[in-house]
Amino acid sequence: MVSISLKNITKTFEKVVACENINLDIKEGEFFTLLGPSGCGKTTVLRLLAGFYLPDKGSIFFDDKNITNFPPNKRETGMVFQNYALWPHMKVFDNVAYGLQIRKFSKEEIKKRVSNVLNLVQLRELENRTPFQLSGGQQQRVALARALVIEPKVLLLDEPLSNLDAKLRLEMRNEIMRIQKKLGITTVYVTHDQEEALSISDRIAILRNGTVQQVNPPKEVYLHPVNTFVADFIGQCSFFPGIIEALDEHLHIRLYSGGTLISPKKDQSQVGQKVLCAIRPENFHLKTPEGEFDKIECEIVSVAFIGKSTRLHAMIGELEIIVDAPSGTDLKEGDKAIFYYLIHEVTVLEA
Amino acid sequence: MRFSSISKKLLEIKWRMDTLSWVQLTFTIMFFLIFMVIPLILVSKSAFTDDIGRLSFSWFGLIFNDHFFFTNPLSSILTSSFVQLEPISNTLYLTGIDCGVLFNTLFVALITTIFSTVLGVTVAFFMARYKFWGKSVFQTAMIIPLLSSPFIGAIGIKRMIGINGVLNLLFYDTLHILPFRIVIDGLAAVIFVQVLSFFALIYINAYTAFVNIDPTLEEQAENIGSRGFHLFKTITFPLAMPGIVAGAILTFILSIEDLGTPVVFHDNTQATKLLSYQIFSRIFAPTGDINPIAPALGFILLVVAIMGFFVMRKYVSLRRYAMISKGGTWNPRMTTVSKKRTIVILAVLILTLGFALIPHTGIILLSLAKTWGVTILPTEMTLSNYSLLFEDTGVAGSVYNSLFYCISATIIITILGTSAAYVISRKNIPGKNALDTLVTMPVAIPGIVLAIAYFTTFLHTPLSPLISPVPLLITSYTVRKIPFTIRSVFAGLQQTPETLEEASLSLGASSTRTFFRITMPLILVNILAGGMLSFVYSMSEVSTSLILGGVQAEAAPLTWKMKDVLWQVSAGPFMAAVLGVLLMVIQIVVITTVNRILRQRLSVITGI
Chain Y
0 MVSISLKNIT KTFEKVVACE NINLDIKEGE FFTLLGPSGC GKTTVLRLLA GFYLPDKGSI
60 FFDDKNITNF PPNKRETGMV FQNYALWPHM KVFDNVAYGL QIRKFSKEEI KKRVSNVLNL
120 VQLRELENRT PFQLSGGQQQ RVALARALVI EPKVLLLDEP LSNLDAKLRL EMRNEIMRIQ
180 KKLGITTVYV THDQEEALSI SDRIAILRNG TVQQVNPPKE VYLHPVNTFV ADFIGQCSFF
240 PGIIEALDEH LHIRLYSGGT LISPKKDQSQ VGQKVLCAIR PENFHLKTPE GEFDKIECEI
300 VSVAFIGKST RLHAMIGELE IIVDAPSGTD LKEGDKAIFY YLIHEVTVLE A
Chain A
177 MRFSSISKKL LEIKWRMDTL SWVQLTFTIM FFLIFMVIPL ILVSKSAFTD DIGRLSFSWF
237 GLIFNDHFFF TNPLSSILTS SFVQLEPISN TLYLTGIDCG VLFNTLFVAL ITTIFSTVLG
297 VTVAFFMARY KFWGKSVFQT AMIIPLLSSP FIGAIGIKRM IGINGVLNLL FYDTLHILPF
357 RIVIDGLAAV IFVQVLSFFA LIYINAYTAF VNIDPTLEEQ AENIGSRGFH LFKTITFPLA
417 MPGIVAGAIL TFILSIEDLG TPVVFHDNTQ ATKLLSYQIF SRIFAPTGDI NPIAPALGFI
477 LLVVAIMGFF VMRKYVSLRR YAMISKGGTW NPRMTTVSKK RTIVILAVLI LTLGFALIPH
537 TGIILLSLAK TWGVTILPTE MTLSNYSLLF EDTGVAGSVY NSLFYCISAT IIITILGTSA
597 AYVISRKNIP GKNALDTLVT MPVAIPGIVL AIAYFTTFLH TPLSPLISPV PLLITSYTVR
657 KIPFTIRSVF AGLQQTPETL EEASLSLGAS STRTFFRITM PLILVNILAG GMLSFVYSMS
717 EVSTSLILGG VQAEAAPLTW KMKDVLWQVS AGPFMAAVLG VLLMVIQIVV ITTVNRILRQ
777 RLSVITGI
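Order-wise, the sequence lines are chains Y and A.
For what it's worth, this note's numbering labels the leading residue of the first sequence as 0, then goes sequentially.
For what it's worth, this note's numbering labels the leading residue of the second sequence as 177, then goes sequentially.
Hint data in this document are derived by calculation from the structure and do not stem from the laboratory.
A couple of the hints might just be wrong.
Unchecked claim - In silico DSS-like links for lysine-lysine, alpha-carbon gap of 27 Å or less:
1) Y:73 to A:184
2) Y:181 to Y:152
3) Y:14 to A:603
4) A:185 to Y:64
5) Y:56 to A:603
6) A:190 to Y:73
7) A:603 to Y:73
8) Y:218 to Y:26
9) A:185 to Y:73
10) A:515 to Y:64
11) Y:152 to A:190
12) A:608 to Y:56
13) Y:56 to A:184
14) A:185 to Y:56
15) Y:6 to A:515
16) A:185 to Y:14
17) A:190 to Y:14
18) Y:181 to Y:111
19) A:184 to Y:64
20) A:307 to Y:56
21) A:490 to Y:14
22) Y:152 to Y:106
23) A:608 to Y:14
24) A:307 to A:409
25) A:307 to A:515
26) A:184 to Y:14
27) Y:6 to A:185
28) Y:294 to Y:335
29) A:490 to A:603
30) Y:73 to Y:90
31) Y:6 to A:184
Source: prediction; values computed, not measured.
With the hints as extra help, turn the sequences into a complete structure.
Laid out in structure tokens, this is it:
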């Protein structure tokens with residue numbers, strides 16, 4: 000088990016900067032997720048860790064060993080690829096045994112270890128199949144087994160669930176969590192699915208255009224996004240641009256769109272400062288909530304029933320907001336409505 | 177800053193390349209340098225060197241001042257005619273117009289390309305887009321035209337189209353369908369032979385291009401109101417264009433370097449007034465003497481062919497745009513046609529196939545003939561010609577020679593071709609495109625030029641063809657036919673996700689182990705298929721065989737033997753036809769096998 004640290008990593012592909020000045024410290028045994036939209040550089044970081052790319056600048060350490068210039072076969076990482084990369088000309092057993100053969104284990108030892116790891120991923124009975132005879136979920140498990148059997152220092156997972164259907168994805172997600180916790184192996188996980196990232200990780204790094212935006216545990220990322228990108232990417236938000244009008248134990252913000260908003264105080268807030276407030280759709284309420292609250296008035300412009308709730312789009316003057324109301328609501332287009340929000344659930348961002 | 181960026185580049189290269197890749201890269205480059213680049217440079221240099229070794233344009237001066245090579249084509253075209261009706265024998269003579277060797281070569285290639293393209297594209301469009309009665313029969317039959325090189329085809333055709341040829345005897349004397357006899361001779365015969373050989377190549381390219389068009393692109397156009405010919409003109413044809421143009425340029429290159437056809441029709445002087453033949457006739461292989469004009473002629477041929485090659489590469493790279501659409505597999509668009517249309521389509525196809533089968537019919541009939549007078553079928557039929565293959569030491573020897581040379585060449589091709597394709601496909605190193613150009617370029621290098629280049633370069637070295645032509649015959653086949661294997665292996669590597677290899681590396685396997693345990697098994701069928709194609713086209717290689725084979729009769733390959741009997745022996749056509757049939761049979765076996773194992777159409781055949 001190792002800790003990983005990336006120091007000032009920059010990687011450019013033919014003038015396109017894939018990641019720029021990345022600094023990350025991943026702890027021993029941690030389940031660490033790189034999250035971001037496509038093209039944000041998350042896979043590049045993972046492939047830098049695996050040794051498929053050489054960084055332009057910066058260094059990578061496993062514990063305190065600088066492995067920046069190590070080729071992939073000297074890094075002792077186990078990688079699970081997005082397309083699983085199972086070798087079609089080998090049976091399941093041979094796929095899994097490959098890494099052990101390279102390490103020159105005896106035949107009996109290989110047999111023992113392969114069956115152990117296939118037991119772990121619950122595929123013991125399929126070892127004589129070829130990859131083509133397996134379902135997507137089974138292929139996924141084989142890929143995982145193949146990476147785990149060599150007892151790698153680091154497990155690297157590149158969007159391993161993106162090719163599975165929704166139900167299987169949930170099942171495999173739990174499976175990966177179970178195995179990771181059991182083995183306690185340092186794991187780096189790449190995904191663009193924020194829900195997946197939130198549910199599976201110890202910590203999440205959110206990337207955008209090759210730079211790290213925020214590194215925090217899931218809850219922290221969701222509740223206290225550091226900027227509009229993170230706020231918008233992790234769940235949805237309504238944004239309220241305005242200017243601080245008054246300061247008491249809260250901030251009183253005059254919105255450009257008209258009306259005011261009350262938010263928690265931040266350390267260096269001053270009257271006259273421009274700010275951007277964000278409120279999650281589920282944090283608007285139709286009735287007065289418990290705790291310190293305020294309200295906004297708006298006009299409903301669209302209503303969409305989405306099962307567990309009803310999503311409303313509403314306008315405050317020129318400003319559009321998103322509200323998740325209980326599915327039983329009878330609000331309709333054109334209705335005037337009042338929504339309540341808890342002051343401490345408002346996030347203040349720099350404008 | 178400068179220095180650090182260079183050292184960073186070097187570090188990156190060192191990091192990407194492992195021992196195996198270095199070995200692969202070095203051997204490929206060395207081979208191409210020694211057996212292609214340096215000889216071509218030396219032969220070009222000798223084209224610009226006068227008798228006493230000074231830089232000079234004198235040979236080009238001689239060529240351009242000689243009416244034999246260079247005349248104003250307009251005056252020839254205006255003063256002579258290519259059709260003549262001879263009233264006494266009631267015969268229509270179709271010959272070419274002699275405009276001097278240079279313009280003859282150019283015009284023959286252009287006309288061949290135009291006819292082949294029109295014919296090939298038409299047939300391809302019918303096959304790709306229409307459902308009609310009897311289509312599967314035609315689809316199978318369209319493989320047959322691919323099975324003849326112009327050389328073999330010419331031998332068969334010559335017997336069919338003469339004044340007492342099979343076609344005249346059948347359609348004029350017997351069935352009275354034709355109002356007069358038709359004789360095709362001279363340059364017209366060369367064009368006729370080449371069109372029948374090359375249109376199939378365009379057909380394959382165009383067919384693939386049409387089938388690969390994402391149907392939603394056309395459906396979208398229809399959806400906004402385009403139909404019929406407008407749709408074809410604005411969407412379908414432009415999308416298929418890169419494939420068609422690539423095929424057309426390849427046809428042009430193959431036409432200007434074709435030596436086989438003029439060799440067969442050499443008894444008509446006009447047919448020999450082509451660059452390839454003129455170079456060929458200026459080399460006396462047994463002593464290695466080369467007329468100093470030959471390198472200059474070769475240089476002209478080389479420059480035209482290489483220009484064609486670069487235009488073609490540009491179009492092949494454009495070909496990708498036909499395939500940018502997302503989404504998985506699709507069913508190509510197919511229209512079921514009305515009865516009337518079916519008749520038109522069938523008529524075109526039957527006529528085309530009828531013509532396309534002339535060479536094959538001719539060569540099979542010839543191979544079965546004991547004597548053949550003025551009759552439709554041979555006067556006396558026999559299978560005994562085939563015993564030549566076992567009894568005649570000269571013929572049998574040439575077959576064994578060819579097998580030995582081609583198998584040796586195929587082994588080298590497989591190793592070098594796989595190496596080159598692997599490095600190009602997998603190693604992102606500077607100069608990768610140049611390497612790709614280098615190894616694909618043999619497609620455009622006329623065999624005749626390579627052959628005189630070998631004489632120029634190696635005559636006074638231990639590799640001298642006069643000591644033994646064998647090493648150079650093998651290397652000439654290797655250089656000429658390696659693109660087939662490279663393309664096939666490259667295609668295999670493109671279809672194999674690189675992550676399969678990365679998975680192996682990340683599990684701790686070395687690059688070498690990964691190459692042999694993962695990469696090679698995954699692309700084995702492509703290596704096999706490519707190797708087989710290279711083999712079969714080595715067997716039917718004409719130009720380098722005719723020249724290098726001319727050094728020692730007993731070391732000569734099969735195609736040299738065909739030419740030898742054609743020119744020297746009265747029963748020569750029968751003997752040559754037997755060898756031609758043998759080559760065709762080998763081709764049928766190989767091409768159908770390759771089709772089976774690759775499970776795809778023959779587009780690899782074009783080698784581009």
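Okay, the hints, checked on the actual structure:
1. Y:73 to A:184: Since the Cα atoms of residue 73 of chain Y and residue 184 of chain A sit roughly 21 Å apart, the hinted pair holds (cutoff 27 Å).
2. Y:181 to Y:152: holds, 15 Å
3. Y:14 to A:603: holds, 19 Å
4. A:185 to Y:64: holds, 24 Å
5. Y:56 to A:603: holds, 21 Å
6. A:190 to Y:73: Judged against 27 Å, a Cα distance of about 16 Å means the pair holds.
7. A:603 to Y:73: holds, 19 Å
8. Y:218 to Y:26: holds, 18 Å
9. A:185 to Y:73: holds, 22 Å
10. A:515 to Y:64: violated, 78 Å
11. Y:152 to A:190: Given that 27 Å is the threshold and the Cα spacing comes to 26 Å, the pair holds.
12. A:608 to Y:56: holds, 24 Å
13. Y:56 to A:184: This hinted pair holds, its Cα atoms lying about 10 Å apart.
14. A:185 to Y:56: holds, 12 Å
15. Y:6 to A:515: The hint is violated at about 74 Å.
16. A:185 to Y:14: Judged against 27 Å, a Cα distance of about 14 Å means the pair holds.
17. A:190 to Y:14: holds, 21 Å
18. Y:181 to Y:111: The hint holds at about 19 Å.
19. A:184 to Y:64: holds, 21 Å
20. A:307 to Y:56: The hint is violated at about 60 Å.
21. A:490 to Y:14: holds, 24 Å
22. Y:152 to Y:106: holds, 23 Å
23. A:608 to Y:14: holds, 18 Å
24. A:307 to A:409: Holds, because 21 Å separates the two Cα atoms, which is no more than 27 Å.
25. A:307 to A:515: Measuring from Cα to Cα gives roughly 11 Å; hence the hint holds.
26. A:184 to Y:14: holds, 15 Å
27. Y:6 to A:185: holds, 21 Å
28. Y:294 to Y:335: holds, 13 Å
29. A:490 to A:603: With Cα atoms ~22 Å apart, residue 490 of chain A and residue 603 of chain A stay inside 27 Å; holds.
30. Y:73 to Y:90: holds, 25 Å
31. Y:6 to A:184: Holds, because 18 Å separates the two Cα atoms, which is no more than 27 Å.
Violated hints for the displayed structure, listed by number in ascending order: 10, 15, 20.
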